[in-house]
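Q: The chain contents come next:
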Amino acid sequence: MLEVMHVEVFYGKMQVLWDLNLQVGVGEVVALLGANGAGKTTTLRTISGLQRPSRGCIYFGGKEITSTASHEIVAAGISHAPEGRRIFPNSTVRTNLEMGAYTRRKKHDLEKRMEECFGMFPILRGRLDQLGGTLSGGEQQMLAIARGIINGPKLLLLDEPSLGLAPLIVKKMFEIVAGIRERGITVLIVEQNVRHSLEIADKAYVLQNGRIVLSGPAYKMLAEPEIKKAYLGV
Amino acid sequence: MPTLAGFIQTLSTGIFQGGVYAIMALGLAIIFGVMHIINFAHGEFLLIGAYLTYWLFHALHVDPFLSILLTFGLVFVFGQIIQRYLLDPVRHDHSFVLVMTYALSIFIVGLMFIFFKSELRSVVTVYSLWSLDFMDADVILNLQDMAVLVMAGIFFVLVHLFMKRTWIGKCMSVCAQDEEAAQLMGIDTRLVSSLAFGLGSALTSVTGSLMITSQVFHPGMGGIQTLKAFTIVILGGMGSLWGAAVGGILVGIIEAVGTLFMPGIYKPIIGFSILLLVLLFRPSGLFGKASV
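In order, the protein sequence lines correspond to chains A and B. Residue 213 in the numbering used here sits at position 213 of the first sequence, and the numbers go up by one each step. Converting from the second sequence to the numbering used here requires adding 234 to each position, the first position being numbered 1.
It should be emphasised that the hints constitute simulated quantities derived from the structure, not laboratory data. Mixed in with the good hints, there may be bad ones.
Using C-beta positions, here's what the derived DEER-type ranges look like [claimed, not checked]:
{"id": "1", "chain 1": "B", "residue 1": "500", "chain 2": "A", "residue 2": "94", "range": "47 to 55 Å"}
{"id": "2", "chain 1": "A", "residue 1": "12", "chain 2": "B", "residue 2": "336", "range": "26 to 34 Å"}
{"id": "3", "chain 1": "A", "residue 1": "6", "chain 2": "B", "residue 2": "388", "range": "38 to 46 Å"}
{"id": "4", "chain 1": "A", "residue 1": "109", "chain 2": "B", "residue 2": "312", "range": "36 to 44 Å"}
{"id": "5", "chain 1": "B", "residue 1": "319", "chain 2": "A", "residue 2": "195", "range": "34 to 42 Å"}
{"id": "6", "chain 1": "A", "residue 1": "128", "chain 2": "B", "residue 2": "387", "range": "24 to 32 Å"}
{"id": "7", "chain 1": "A", "residue 1": "123", "chain 2": "B", "residue 2": "362", "range": "56 to 64 Å"}
Here the structure is a predicted model, which is why all the values come from computation and not from measurement. Here a beta-carbon is modelled for each residue, glycine too, at the ideal position from N, C-alpha and C.
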């Protein structure tokens with residue numbers, strides 16, 4: 001479904017991704033793991049068109065999207081719940097969700113889609129007219145994810161959904177991610193929470209200093225303590 | 235010491251003037267809020283509106299209140315063209331955009347001097363002098379000024395509804411808050427920017443159309459209006475629509491009251507004193523941070 005091939009990304013003169021290759025298959029949950037500054041967020045930003053690679057190419061559903069504009073990539077079916085949630089703080093929860101459904105605005109099924117979201121995130125129903133900025137961290141993360149799936153994407157990019165959340169909410173967040181897969185949405189998740197990620201993922205890649213140093217089935221990585229120690233620091 | 239009637243008269247003059255200031259500032263607030271750029275040519279868009287209205291009135295006898303619609307439409311398109319072909323190509327660097335709008339300002343002023351010369355122009359209609367008297371004719375309210383204030387109010391309400399109720403208005407609002415996150419929603423932020431610039435410019439030109447019914451214009455007057463618009467937007471809080479409205483009325487009133495104590499020629503000093511004081515003591519303005 002998603003294929004990233006030989007991608008190299010620079011910030012000015014500094015290279016942050018080196019010959020990056022990864023594949024995400026239909027219906028999979030793929031985890032992208034690694035320490036701070038390894039290039040995980042940059043990888044997601046490059047896939048969604050916020051960052052341009054200087055070499056390499058990206059295919060989605062058989063079509064090249066390497067230099068496609070961000071808003072067209074979203075319309076093609078890739079949603080991105082970015083690092084730091086990035087909800088619109090001065091807009092209501094309702095407007096935040098409406099904007100998430102922007103690419104489907106002509107289909108006139110907004111109310112139905114919102115109801116579906118409330119099925120997953122019941123707490124948002126009561127918050128509809130509240131400003132996004134007044135939500136708690138966990139609620140904001142739920143809104144960010146709801147905003148990502150309300151337009152019915154094929155692939156969801158999730159950047160650190162558990163960051164800064166209380167342990168109990170973290171657990172819930174991973175249950176939600178597993179629930180998203182059950183709805184037929186493929187997930188590429190960036191995380192620092194290695195154990196939880198590997199438990200829900202089919203496949204994982206480990207990034208170190210902008211290079212993929214390890215990849216394979218998630219269950220294998222969970223099972224091999226030496227790999228965990230060497231690359232994941234757990 | 236001014237009398238009560240004198241005070242009411244001054245206050246009403248201030249409010250009438252402030253109403254049009256508010257619409258001009260609203261235009262700037264939208265442009266700054268969505269695009270985060272400083273538009274030095276803002277006052278020139280006001281001149282374009284004023285001269286379009288002048289020309290339509292004298293050449294084709296179009297009533298100034300009617301020509302507002304035409305002005306709005308034309309400048310809405312013109313603004314988008316400017317944004318797309320002059321500002322968008324340099325948008326990666328804000329200082330380039332700044333210089334570009336400054337160049338645009340000089341260019342428009344130059345064209346105006348060629349076509350309209352440096353004469354003072356205004357639009358005087360048959361109803362320009364109709365007025366209502368109060369308090370034994372000590373307070374005189376001009377009907378046209380009142381109509382202008384009503385128009386300003388209508389524009390403010392329309393813009394407010396547009397921002398809150400329509401898809402494109404909401405897109406402008408969220409672009410103002412976080413452009414990158416807006417892109418991730420699938421919004422074409424470049425298109426939204428150009429619509430925002432068109433809308434902001436059109437509102438400003440409407441201000442010019444309304445202003446030329448009560449004051450004289452010459453092509454060199456744009457710069458002072460630009461600075462006034464910035465004063466109001468900074469006073470109200472960068473990017474806040476309500477701030478622009480309240481700030482506009484406030485500056486109108488302060489200017490009018492000020493002219494009770496000093497000659498009208500010093501009016502700009504009052505505006506810039508406000509600008510300096512706000513920047514020194516409350517740089518976030520009356521209504522805090524951006525919330526278009």
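Q: Each of the hints needs a verdict: does it hold here or not?
A: Hint check results:
1. B:500 - A:94: 47 to 55 Å: 49 Å, holds
2. A:12 - B:336: 26 to 34 Å: For residue 336 of chain B against residue 12 of chain A, whose Cβ atoms are near 28 Å apart, the range 26 to 34 Å holds.
3. A:6 - B:388: 38 to 46 Å: Violated - the Cβ-Cβ distance for residue 6 of chain A and residue 388 of chain B, about 58 Å, lies outside 38 to 46 Å.
4. A:109 - B:312: 36 to 44 Å: 38 Å, holds
5. B:319 - A:195: 34 to 42 Å: 54 Å, violated
6. A:128 - B:387: 24 to 32 Å: Once the Cβ atoms are compared, 30 Å apart, the range 24 to 32 Å for residue 387 of chain B and residue 128 of chain A holds.
7. A:123 - B:362: 56 to 64 Å: Since residue 123 of chain A and residue 362 of chain B have Cβ atoms about 60 Å apart, the given range 56 to 64 Å holds.
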